[in-house]
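Trainee: Listed here are the chains, written in short residue letters.
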Amino acid sequence: MSFPLLTATAALPAVGAVATAAVPAAKRTAAKWLALLVSLATLVLAGLVLARFEPGGDRYQLTESHSWIKAFGVRYELGVDGIAVALLALTALLIPFVILAGWHDADPLETNSSRWRPTQGFFALILAVEAMVILSFEATDVFLFYILFEAMLIPMYFLIGGFGDRAHAGSDEKAAAQRSYAAVKFLLYNLVGGLIMLAAVIGLYVVAGNFSLQEIAQARADGSLSMATGTERWLFLGFFFAFAVKAPLWPLHTWLPNAMGEATAPVAVLITAVVDKVGTFAMLRFCLQLFPGASRWATPVIMVLALISIVYGALLAVGQRDIKRLVAYASISHFGFIILGIFAMTSQGQSGATLYMVNHGISTAALMLVAGFLISRRGSRLIADYGGVQKVAPVLAGTFLVGGLATLSLPGLAPFISEFLVLVGTFTRYPVLGVIATFGIVLAALYTLVLYQRTMTGPVKAEVSAMPDLKVRELVVVAPLIALLIFLGVYPKPLTNIVNPAVQHTMSDVQKKDPKPAVEAAQ
Amino acid sequence: MNPVYYLYLAALLFTIGATGVLIRRNAIVVFMCVELMLNACNLAFVAFSRLHGNLDGQIIAFFTMVVAAAEVVVGLAIIVSLFRSRHSASVDDASLMKL
Amino acid sequence: MSPTAVHSLWTTAADPISKIDAPKIEYGQLSPTLIVISAAIVGVLVEAFVPRRSRYYAQVFVSVVALAAAFAAVVGLAAGGYATTKGHIAAMGAVAVDGPALFLQGVILLTGLVAVFTFAERRLDPEAHGNRVDSFAAQAASVPGSDSERAAVKAGFTTTEVFPLALFAIGGMLVFPAANDLLTLFVALEVFSLPLYLLCALARRKRIMSQEAAVKYFLLGAFASAFTLFGIALLYGYAGSVSYATIAQVVDGSVRTVDPALANTMGNDALLLIGGAMVVMGLLFKVGAVPFHMWTPDVYQGAPTPVTGFMAAATKVAAFGALLRLLYVVLPGLRWDWRPVMWAVAIVTMLGGAIVAITQTDIKRLLAYSSIAHAGFILAGVIAMNPDGISSVLFYLAAYSFVTLGAFAVVTLVRDAGGEATHLSKWAGLGRRSPLVAAVFAVFLLAFAGIPLTSGFAGKFAVFKAAAEGGATPLVVIGVISSAIAAFFYIRVIVLMFFSEPRPEGPTVAVPSPLTSTAIALGVAVTLVLGLAPQYFLDLAGQAGVFVR
Amino acid sequence: MQNLIALLVAAPLLGAAVLLCGGRRLDRSGHLIGTLLAAVSFVIGVVLFSDLLGRGADDRTLNQHLFSWVPVGGFRADIAFQLDQLSMTFVLLISGVGTLIHIYSIGYMEHDERRRRFFGYLNLFLAAMLLLVLADNYLLLYVGWEGVGLASYLLIGFWQHKPSAATAAKKAFLVNRVGDLGLSIAIMLMFTTFGTFAFGPVLHSVGDAGEGRLTAIGLMLLLAACGKSAQVPLQSWLGDAMEGPTPVSALIHAATMVTAGVYLITRSGALFNAAPTAQLAVTVVGAVTLLFGAIVGCAKDDIKKALAGSTMSQIGYMVLAAGLGPIGYVFAIMHLVTHGFFKAGLFLGAGSVMHGMNDEVDMRRYGGLRKHMPVTFVTFGLGYLAIIGFPGLSGFFSKDKIIEAAFAKGGTEGWVLGGAALLGAAITAYYMTRVMIMTFFGAERWRNAATTSPDEPSAEPAAEHRGEHAEPHPHESPRSMTIPMIVLAFGSVFAGAFFGIGDRFLRWLEPVTGHQEGNSPVGAATVTIATMVLLVVGAGIAYLQYGRRPVPAVAPRGSLLTRAARRDLLQDDFNHVVLVRGGEHLTRSLVYVDHTLVDGVVNGTAASFGGLSGRLRRLQNGYARSYAVSMFGGAALIVAATLLMRAV
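Those sequence lines, one after another, are chains A, B, C and D. With the numbering used here, the residue at position 324 of the first sequence is 1195, and numbering never jumps. With the numbering used here, the residue at position 38 of the second sequence is 244, and numbering never jumps. With the numbering used here, the residue at position 392 of the third sequence is 828, and numbering never jumps. With the numbering used here, the residue at position 433 of the fourth sequence is 724, and numbering never jumps.
Don't read these hints as lab results, they were simulated from the structure. All values derive from a computational prediction rather than experimental measurement. Even for Gly, the Cβ is constructed at its ideal location relative to N, Cα and C. Some clues are possibly wrong.
What the hints assert, rightly or not - These stretches of chain A come out as covered by chain C in the derived footprint (C-beta under 8 angstroms, 3 or more residues):
no.	segment
1	1019-1026
2	1046-1052
3	1058-1067
4	1336-1347
Could you put together the complete structure from these sequences and hints?
Mentor: This is how it looks when you write it as structure tokens:
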């Protein structure tokens, strides 16, 4: 039994969370540093995972397996394939930036209440989320995954509801009301999704008799476990519903704009760049593997919904007045692309979708965090309150622009590759859908450039005339992300090497092959 | 005569008691109706005991009486204390807690 | 009726009484019950003879020791194999000593122990005239607001009778799930109900409401037990016996028909069905299932909070134990008749409880409705009619009772001038005032809501899994939906505590004595342990999940 | 030798990186670094060119494979370059003209505080443009394609504090995105058709694919070309793009970037040859645009806008030629190069004029400037003669060939296209003469015009930095600006002859594009003479209109056509009404829908549960007896149900 690397990767932030929460009220800064160090250490562990993972090797590597709840046939089973590794790395990578970006977000406004320790809570919760997300990427036991999938809602809920954006249009009470509304909406949407999934999980157990992803998938593959078509479809729908809420897929998306709008920028990044990825990841890992038949059956509908998400999200992004809500709707559009890629059932589509998850994580983080810095300076989320910022804060404007260009997936930046792969993958199987989806790139350009023009260009508004440019801390947050965007845009091979084999497995799970080019087909 | 009639009588008494519980306001009366229901049960026991030709039913009847007595003690205690604090034994007046 | 029968009856009665062989009672196996009951009697004597000053300590001592001893006895019996292999019917077929019985008795005893802690808490209320006071009336007999009451308070009287009462109730509850004939069932029912009626009336604050609660509980309870009794009568009429075993045999038709004279009653299904339904109804009343639930909110609200916690936890355990035994031992041959009905009851109970709870404004009523919804979930497991059904229900009861006790214990801490501040609006911003208490309560709420990593989730999962395996998939789906609805109001409370600004005139959080702290801590511990590593307890429940017949 | 290719791109890219990340400390040296690196890449270009010349005509193709870029399943994209005669031509044009304009900008942007960034953007543009023409597969070309788009976005909006500039930049990017739509769909189609999108494989296996698919691909490529090269219907952005600094207009929106579409079509020649329908579409677009641009050019009073119109129309010529297939490709490119020279020269001239005139752009406030800025006058004049195709100058050779080729298309198409081309030539002569006269001849209308009038906002707010708003006193521009103009003037004079005489250019390019002589119904001589006549006519009309009578300082109302042409023939208004307004309405209504419908359903469900709860709550009325009733009823129900179960 070698060193349980995967467990360690998840356990470290969990322990760190407890430790951070335990830091006494006065020692606020200590808590911050502790959290930052823990997250960096986690990043190192994630790097180890990345190093130990052999792209060519078994499907699941670094596996661990211990008995947990025999009565439910539940085991503590971990293992990572390429997709999981990529997302795990992404999570571990983003958290330090999130923490650093949120450095002052949770400083208590009033210092009188000594027992109330928001700062410690804030960073502890972030670490808790990290731990749960990482473990959910590693879990190869359906029950274990489900538990984390549900449990991570609670810390997220407190992060959204407890530490709202201080730059709020309305009064404090109004802000608090909207914030708790957003938090409750987030929780209820995902809880309902999760509970419906619970029914499906139980059903799966009744059918399969255990929860081990590998065993069940194996049994499905060699036909020793056959499900009635109806049953399989119901179970699939149960699982997919939960993931579609999390992802989020139209029309289950409305919680996201509220949540991202009301939460602080780092938390918003946590939501859309990290937590939501669990949903799309789970579609790849669970829906396709456990219910290949049903997945094929549901594909047309899902593709159409994804398409609607793409266009609809983009159009609504154009119509937004609030910077963060705009980014939220943009994310909805992007999640549409991801889901489109997953269910296109082509290697380009699914590799593209996986890359998309990673790249979208990085690009949204860049854009959202810079937006957060901007908002924290002016104290308003309304686009209309800005103008001419590039004149007074060129660096801020520049980074913002790069983030925006990444969002509209400009060639040369990472998102372009994933988006193009998704489009190609879709196009090869569903040309019409592919073409319609391609219109998304025009809309993306529209909302991004409109946002940039209204906030950064034009005559300098009086309120922003004294706006300071990015501080060192903030540069340290943004610069690496941008560097990463460029690097992955020019040389994504390390990523594709890891992802491709995993995608091949998934493709064989659903018994699909890439369509042949017309010319070869002709010959 | 056929002891089955006793059963009908028992059922009748039970129903009367139940109805009384539903329609009477005074707590004491309601309580007496409950007692009536218990006694209806006793009658049924005894009648069945006779039918089956074993003594269990009759024994049970005694148990029931004891229980009923105990209930009287507790019940009266509660009702009286209520009556003393609100000078009314109407069950409908006791409706502070609702919704 | 034929004269011969009369004659035989007469002759049997007329026989010269030769000798009655003394009934064989396995005192060892009944020891838990016996210990508790005798302790209760001792408690009565204490009331009679120990000077008032030291009664409180004496009573607490007696009850705690007795409960601990009884629990030790249960453990001993279980270790002695009575829970599994040696399980059998004791006391001339009156009481079963088997897995479910012992498991539930253990749970009830622990619950009772914790409840006694909360009963004994006397640091929450401000001292009256230099005397520490607990949450019970100074003198139950004195009229609220009267001079006599004031005098009693001044004299520092306390109703130490609550401890023997609680012990009697616990005694009854111990027998209830173990009862193996209908008579014992009925007696046990009354033995644990009557003390509860009294306990409800003993609140120190808001006495009028407390008395009202007692009256409602008493009248409705008596009404329900009358139904039960009549049901028992009918069953007796059907089978000619009240012993579970015999009735079961008759139901299965495996018993040789007695003399033809009885043919018209013996095996008369109308009697069986009506009787069975009425008995079950009595039990449903105790577990608070719709439509027999309506006493629950009022009584929970009116009763002194420690008593509420005790009732909510222990009564449910005992009643569900009895219900399980009745359905699994006596009426399994009848399942095709009662199952659909129980389905309906379970559904309306889950949905009703969850929906009505949404608009509640009083925390105690809220918990009452949530307990109704939970009764529905447990019923879903009861209906499963398979071994998993039994064990899952046992596990759920264990998990649920501790969460409930803990939650109500927390409720006792949040106080303002008028005693406990149970109106939800007063809980606003509690998280800011005292994060710890709020966090603990949040844990309990999440457990109620069945969020993973809490005992609530493990229990819910077990129950739904059993139900699904038992083919009750629709129940599972509805259960899932209603837990979604339920989640809404649990979340509402959490929002209130953490995300809304504290009121200036808001309540204070009293610092409890070690007693209540233990209760709460135990609740949290059990919630988390059963949530994270339920395996051991699931095994326990699994082994215990076999009834002796 | 081929390992140098990457350096072509790398040098300016490095410059861009250094200048944009370098920060203020580079403010003083930035422009020099930028110019140097541009020059470096030009030198490398020359070296490679000489190397190519040293080889045989048919192995003048160098390849450099850097690394595999996106390998996923059958999808293989590499970072790899291909340098053949076609790309070589572009490399020289881009880096050459680019370097000149860098030099020019040193003087032009002297007073701009953000000059460093300006040069950074210019370098970025060079890198992207070179990548575009050097890529050996369509996906990499796409990167360059969008890269130049980005650079043009940044440079058009360089003076971002002006809303008009920011808007123009955004518009340019968006319209180009629509074009990119075409390019990406074309690439997908190629992938599904050929399983690859590298030039070589695709263009060689064209034969195996069905014509339907090829036509589709061709049309998509055409869409892309329209976007980038400002062809109808995606031409609207070019006019606004003049918001950018004049060197930008010269380099990007005259000489190089806007010709990328022509490159794309020529590069995909083999594919178009196999898809006649697509080819026809290309020619039509070209013909329409060359007239459209010309007409617009006649009406504009803003000198840069007038030149923009002419650019549009000249590129129309190239596209037309490219659409003609093997008979046209070479001439398209040839015209592209010569146009690169004289149009860049013209723009730099215009810039120089504005430089001397306090950034006044309205020609109606010019006049008689030839005395004040002789160098500018001469270079501009030579450019003018070149563009109208004065015999012997570059324009003459390249444009003439195109017109011939158009006729050579044969059939009615030939006549129509040829006619259009001829007409275009006449109009060109007209509007260019107009520009020439209004600027350099006639009365000095700027004397009494004290300052730039508010209703005509100056395009170049750098004026604020240049200081005085008093009466302009025109002066010749500094050396750094005049020298590039002179060099370009040389180009516009001799390039055509150099290329045309003895078909040098033809023989150089033929191996790549292939060539065949068209059999023109009308002889070459006829075409030439016809062109000359029309040229004289056009110029003459212009002279009568503007040379003889004084030019009014305020534009007369003018004919319907004139007014329409001033507004770019109303297509902007069309866009505004249909796309912008319509889009706004759509998004607004969608926001409403999202809030009320999608969100409303959920909130509604929650609310309905609340209401139900409120109603059920009433049952709990506090009366013990009603509770008893419910119990009794429940009991009755249960008993009845149980009995019923047995009954059924």
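Trainee: Compare the structure with each hint and give your call.
Mentor: Status of each hint after checking the structure:
Only residues whose beta carbon comes within less than 8 angstroms of a beta carbon in chain C count, and the segment 1019-1026 of chain A has 5; three or more means the coverage holds. For the segment 1046-1052 of chain A, the assignment as covered by chain C holds, since 3 residues bring a beta-carbon within under 8 angstroms of that chain's beta-carbons and 3 suffice. Requiring three or more residues with a Cβ within less than 8 angstroms of a Cβ of chain C, the coverage given for the segment 1058-1067 of chain A holds, as 6 such residues are present. Three residues within the 8 angstroms Cβ limit are the bar, and the segment 1336-1347 of chain A against chain C gives 0, so the coverage statement is violated.
In summary, the structure is inconsistent with hint 4 from the numbered list given earlier, while agreeing with all the others.
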